[in-house]
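The whole structure should be built from the sequences, with the hints applied where relevant.
What follows is each chain in one-letter form.
4 protein chains.
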Amino acid sequence: MNPSEPKARARNRLVGDEPLSPGRLEAFSDGVIAIILTIMVLELKVPASAEPKALAHEWPIFVSYVISYFYIAVYWINHHHFFHRVKRVDLPILWSNVALLFCLSPIPFFTEWMASTRLSPFPTAVYATTMLVAGAAFYVLDRVIGRQGIGEADIVLVRRASQRKNLIAISIYAVAIPVAFYRPTVSLALVFLVALLYAVPSLWIDRYADILEDKEEHRGEHGTLHKPYTGPPAGHH
Amino acid sequence: MNPSEPKARARNRLVGDEPLSPGRLEAFSDGVIAIILTIMVLELKVPASAEPKALAHEWPIFVSYVISYFYIAVYWINHHHFFHRVKRVDLPILWSNVALLFCLSPIPFFTEWMASTRLSPFPTAVYATTMLVAGAAFYVLDRVIGRQGIGEADIVLVRRASQRKNLIAISIYAVAIPVAFYRPTVSLALVFLVALLYAVPSLWIDRYADILEDKEEHRGEHGTLHKPYTGPPAGHH
Amino acid sequence: MNPSEPKARARNRLVGDEPLSPGRLEAFSDGVIAIILTIMVLELKVPASAEPKALAHEWPIFVSYVISYFYIAVYWINHHHFFHRVKRVDLPILWSNVALLFCLSPIPFFTEWMASTRLSPFPTAVYATTMLVAGAAFYVLDRVIGRQGIGEADIVLVRRASQRKNLIAISIYAVAIPVAFYRPTVSLALVFLVALLYAVPSLWIDRYADILEDKEEHRGEHGTLHKPYTGPPAGHH
Amino acid sequence: MNPSEPKARARNRLVGDEPLSPGRLEAFSDGVIAIILTIMVLELKVPASAEPKALAHEWPIFVSYVISYFYIAVYWINHHHFFHRVKRVDLPILWSNVALLFCLSPIPFFTEWMASTRLSPFPTAVYATTMLVAGAAFYVLDRVIGRQGIGEADIVLVRRASQRKNLIAISIYAVAIPVAFYRPTVSLALVFLVALLYAVPSLWIDRYADILEDKEEHRGEHGTLHKPYTGPPAGHH
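Chains as they are written, first to last, in the numbering used here: chain W, 1 to 237; chain L, 1 to 237; chain X, 1 to 237; chain E, 1 to 237.
Keep in mind the hints are simulated off the structure, nothing from the lab.
There's no promise every hint is true.
DSBU-like, lysine-lysine: derived pairs with alpha carbons at most 35 Å apart [as the list claims (entries may be wrong)]:
hint: 1; chain 1: W; residue 1: K165; chain 2: L; residue 2: K87
hint: 2; chain 1: W; residue 1: K165; chain 2: W; residue 2: K87
hint: 3; chain 1: L; residue 1: K165; chain 2: X; residue 2: K87
hint: 4; chain 1: L; residue 1: K45; chain 2: W; residue 2: K45
hint: 5; chain 1: X; residue 1: K87; chain 2: X; residue 2: K165
Rough simulated footprint, nothing fancy, chain E against chain W, three-plus residues with beta-carbon under 8 Å [claimed, not checked]:
hint: 6; stretch: 39–46
hint: 7; stretch: 102–110
Simulated restraints, written as ranges between beta carbons of each label pair [what the hints assert, rightly or not]:
hint: 8; chain 1: E; residue 1: Y182; chain 2: W; residue 2: V66; range: 42 to 52 Å
hint: 9; chain 1: W; residue 1: V63; chain 2: E; residue 2: A56; range: 18 to 28 Å
hint: 10; chain 1: L; residue 1: Q148; chain 2: E; residue 2: R160; range: 50 to 60 Å
hint: 11; chain 1: X; residue 1: V63; chain 2: E; residue 2: A56; range: 32 to 42 Å
hint: 12; chain 1: X; residue 1: L197; chain 2: L; residue 2: K53; range: 32 to 42 Å
hint: 13; chain 1: E; residue 1: K45; chain 2: W; residue 2: V175; range: 29 to 39 Å
Computed from a prediction, not measured in an experiment: that's the story for all the values here.
Beta carbons are placed, not taken as given, at the ideal position from N, Cα and C, and that holds for glycine.
What follows is the structure, encoded as structure tokens:
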């Protein structure tokens, strides 16, 4: 399948097979995401006074913190659902994964800016833009990983659903950016809505599992489901 | 047992079996807890002067730091005792674990606030409240994990002991909160007391191990102990 | 060997065998040490000016940073040499390990204080005291782990050498503390000297390996070396 | 092969075989690199104002951050390509790895200094010097690891290519340092260029894979390729 097969064999003799396994890349990504999730608290400034009013005054900090925490946790969970199917880490997967981590890492910075300016329009718009860029990086990673499963009909269906869902998320972010200039809290609510959509990673997969189950009952005995994927099944779009 | 068994099989074909293993979730939780434990030191401000008096003046920092460190270490140890029995990471376990990590992560923030206000009443009450909320998140996780062991009589006994212990901890926190307004140091001592209760994770389990041992000697030969659990044994409450 | 064997078996049925494996405890300790090592850089304040003089003026920062970094790296390496022989994590090992990590974690704080006061006497003495306390925690962990190997003559020899080396280290720290009040740089040099002693973890072990090798040649055929250890070999002290 | 073989056997009986496996050293290095990569964002100061102009004014922060992030990610990827071939962690590998991590860890500090002085000449030159020192530490680690593969002709070729590439990188840094005093942005571009060269870790290896492939076709049947390496093949330089 791979045109450079003989060359790949020669290279394997030199660098060994798979210097970076999917498990190791997943562990590294887990580490980076765990750190992003946890250092965010260091960005928060404690109130100078010991009064309840001083703490209540910091509500934009707590709102921003909760949304960002939930958001990054959702990325972590979905990243695992993604990587679970990766068979081999090639260069495009490696670098699109680094790109995704890069897009997630300034979230504590922009969260703090938005919080310290008390959800001002421009910082909130920048925050939503960060989310859009991270969503786009996720989309790219999804497509790059998706190429490995090509040929398996089931996976193609799931990938397509996943990518469609991702495009919906990106569209919601695209709406959240201009909205930030008029109603920053509505903009934040839109960002939060996307995180909710992803909180149950197998939501869409379950829907496809239902379809699949039905199909299996009807034509499983003909063994047609596992044939190499050659295009969308008739009547599916 | 699971009503959606056939659907689950179809879904497994799509996303693979167990995208997130208990081991990986444990490793991620370990990572987050290790970071919380260690970054707390970054919240501490070094004295401006090089005099012994300047260091001694910071005693609230050191007291708060020691209690929070010990407290988080205790959570780490007990988290392992918990997860040891998890067979499969389902969505409720996943999210109640994220919720627990979320409740632990602001501890450095509230520790710093309490320390920088020199154990003022309100910040100390907020600190105790954080502990109560984390204790409640632990209780929820305990119950959610407990559902997996249902049907095994031994486990049910242990889970019940664990949950009773947890409710006692939450009650002590509930007392510590109002106490903070009158005697912050007593409030802190109560929080510390709970950590002590959990420092030996198998303390209660050992007590149950004793009971179990006795029972085994008396009726082990009848094989009644391993029968599916249908309710509290007569004469146990 | 363990008097509570039957009880332990009953407890295993309840919590499973070994909720926390040596490997997991080692991984957690590695995580904490990696974080301590790396966040130290966050404590350093960058010079306000872009002039070479501004950077040169910060030499106490760089000296302190290098020593602390080297010091923590040495702990990391020796921790592995320690844990390599741990067969089972019991409660004393668990908590003396947490105590060691606790003693290492304020090193960035005291490093910064010493650096920001430009190696003033008192902060340098406090820094050396931190090192002494960490050394004592290491000594306790060594003794606690040592109990597991008891009965194996070779291990007893190595443990004894290790503990003697540790007591020497603690003595050097004890000297470094008063010295700090007269010559802070000499005090720091003493601390650095201890780290050098530990930089090659098997230095003393190698010496014992030599002794062992000789012994093996002389009496290996009698099989006396592997008999349970009952006291120091005659003529060894 | 190793002259101290019998002594090594005696030592193994004492400390066990390999207290620190390559996998564990790799995991620790991964942890340190993940933390360096992620805490860099904590060094960035958020703008005080909520205005777009305030964010645009911080462009030196973003440029520095992007370059440093990309740079550290490249080290992470290449570190894995390196360690993949390590069979046993000996003391020189252990300490040259610690030295590399030490050289990478002040990157957030010097990145922040360069950014906060808005790419002033001297801080940019110091930044380039940090890169040169890290490159030199990488070169040393490469040579130390390279000694393990000695005797295998293929590996020698790859190692030689890797070391040549590393010397080119160091030369570019050596040029970037004085350039920083005249044109800081050109200096930064040179540093970025090196990172680009390393972004595809197997670039040079692929070239050698081609050579190897050709050779194999011509003389593979004579089995000469796998003979112990005794010097550069005739006509290769």
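Next on the checklist: Check the hint pairing L/K165 with X/K87 against an upper bound of 35 Å on the C-alpha distance.
Outcome noted: holds, 30 Å
Checklist entry - Should the hint that E/K45 and W/V175 are 29 to 39 Å apart at their CB atoms be regarded as holding? => result holds, 31 Å
Item to check | Pair hint L/K45 and W/K45, alpha-carbon separation not exceeding 35 Å | outcome: The given pair, whose Cα atoms are some 13 Å apart, holds under the 35 Å limit.
Item to check | W/V63 paired with E/A56, Cβ distance criterion 18 to 28 Å | outcome: holds, 26 Å
Checklist entry - Between E/Y182 and W/V66, is the Cβ distance one that fits in 42 to 52 Å? => result The hint (42 to 52 Å, Cβ to Cβ) holds, given that E/Y182 and W/V66 are roughly 49 Å apart.
Checklist entry - Is the straight-line distance between the alpha-carbon of W/K165 and that of L/K87 35 Å or less? => result Between W/K165 and L/K87 the Cα gap is close to 30 Å, so the pair holds against 35 Å.
Checklist entry - Could one say that the CB atoms of X/L197 and L/K53 fall in the range 32 to 42 Å? => result Because 35 Å falls inside the window, the suggested range holds.
Checklist entry - At a Cβ distance under 8 Å, does chain E reach at least three residues of the stretch 39–46 of chain W? => result holds (count 3)
Next on the checklist: Checking one constraint from the list: CA of W/K165 to CA of W/K87, max 35 Å. Satisfied?
Outcome noted: Roughly 23 Å between the alpha carbons, so the hint for W/K165 and W/K87 holds.
Item to check | Range hint 50 to 60 Å (beta carbons of L/Q148 and E/R160) holds or violated | outcome: holds, 56 Å
Checklist entry - Mind checking, does the stretch 102–110 of chain W have 3 or more residues with a CB under 8 Å from chain E? => result Result for this restraint: holds, n = 5.
Next on the checklist: Hinted pair, alpha-carbon criterion (35 Å max): X/K87, X/K165. Please report holds or violated.
Outcome noted: holds, 23 Å
In this structure, none of the earlier numbered hints is contradicted; all agree with it.
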